[in-house]
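Take the sequences, apply the hints, and build the full model.
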Amino acid sequence: MWRGPLLAALVLVSSTFDVDAGSLFSSGGWGTQQGAAPAAPPSRAAITRRAPVRTPASSAPATGSSVNSGVCEREIQAAAAKYGVPEGILYSVGLTETGRKGSLSAYAMNVEGKAFFPPSQQAAMTTFYDAKRQGMKLIDIGCMQINHYFHGENFSSPEEMFDPKRNVEYAAKFLRNLHDKHETWTMAVARYHAGPNNNPAQKQYVCRVISNLVATGYGEWTSNASRFCAS
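Numbering-wise, the sequence shown is residues -21 to -1, 1 to 210 according to mature numbering (1 follows the signal peptide of the UniProt record, and there is no 0).
These are calculated hints, taken from the structure and not from any lab test.
Idealized CB from N, CA, C, for every residue including glycine.
Warning: the hint list may mix true and false statements.
[Said to hold, decoys possible] Result set (BS3-like, lysine-lysine): computed pairs, CA atoms no more than 25 Å apart in a straight line:
(1) K144 - K61
(2) K116 - K144
(3) K93 - K111
(4) K116 - K152
(5) K152 - K61
(6) K160 - K61
(7) K160 - K182
(8) K93 - K182
(9) K116 - K93
(10) K182 - K152
[Said to hold, decoys possible] Cβ-Cβ distance ranges computed for the label pairs, FRET-style:
(11) Q101 - E162: 35 to 45 Å
(12) K116 - F96: 15 to 25 Å
(13) R206 - R112: 44 to 54 Å
(14) S190 - E162: 42 to 52 Å
(15) A194 - K61: 18 to 28 Å
(16) E162 - K111: 36 to 46 Å
(17) Q113 - S210: 35 to 45 Å
(18) K93 - S135: 18 to 28 Å
Here you go:
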């Protein structure tokens, strides 16, 4: 997730990136070939098979427990519906941020550019506090890689940032706000990861998200997207 304040991420910037990238995603969140009839959304099997229903009221596994496979994906489905974010886009952003072997990890971390995949919340918290003691500041946390330095104040504690429900809902709301400001999902995805003055990073990130969108069956390459990512 972009390591910058929310208000700065919402600043509109006029650039060639805005013009070129504005139509890479269709309004429904998946690609259609230029000139073709809009495609129906793909089967949700790709995400639902990783999202087993859990009975506890809280989505967060108990401290010390191992990662529950599919918990991030389950929360993505719920948050996408709650905030009106296309499920495929939210899922593909998650995969771009923390995906490893095609799945998400509730305890994934990135500490100053180095990825960690602790097996439990207890192990994740140990990694987090060890990094803080070493003076590390840029620590991305959880399903959607929320940056603690810039966004931690919006959570009650670092532990809460590892809660899949809170983590994913924060990311979904962040994307929703970016879309409302910039009016396209392409620009929302671009600004999710990189600041408004970093066009190369935005382009690279958007193309990685599109690749995951296609790989998971939520979309296909549009003519505009193919040209944009090939250039």
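Here is what the structure says about each hint:
| no. | hint | verdict |
| --- | --- | --- |
| 1 | K144 - K61 | holds, 12 Å |
| 2 | K116 - K144 | holds, 24 Å |
| 3 | K93 - K111 | holds, 14 Å |
| 4 | K116 - K152 | holds, 24 Å |
| 5 | K152 - K61 | holds, 9 Å |
| 6 | K160 - K61 | holds, 18 Å |
| 7 | K160 - K182 | holds, 19 Å |
| 8 | K93 - K182 | holds, 22 Å |
| 9 | K116 - K93 | holds, 13 Å |
| 10 | K182 - K152 | holds, 22 Å |
| 11 | Q101 - E162: 35 to 45 Å | holds, 43 Å |
| 12 | K116 - F96: 15 to 25 Å | holds, 21 Å |
| 13 | R206 - R112: 44 to 54 Å | holds, 48 Å |
| 14 | S190 - E162: 42 to 52 Å | violated, 23 Å |
| 15 | A194 - K61: 18 to 28 Å | holds, 25 Å |
| 16 | E162 - K111: 36 to 46 Å | holds, 38 Å |
| 17 | Q113 - S210: 35 to 45 Å | holds, 40 Å |
| 18 | K93 - S135: 18 to 28 Å | holds, 26 Å |
Going through the hint list in order, the structure does not satisfy hint 14, though it satisfies all others.
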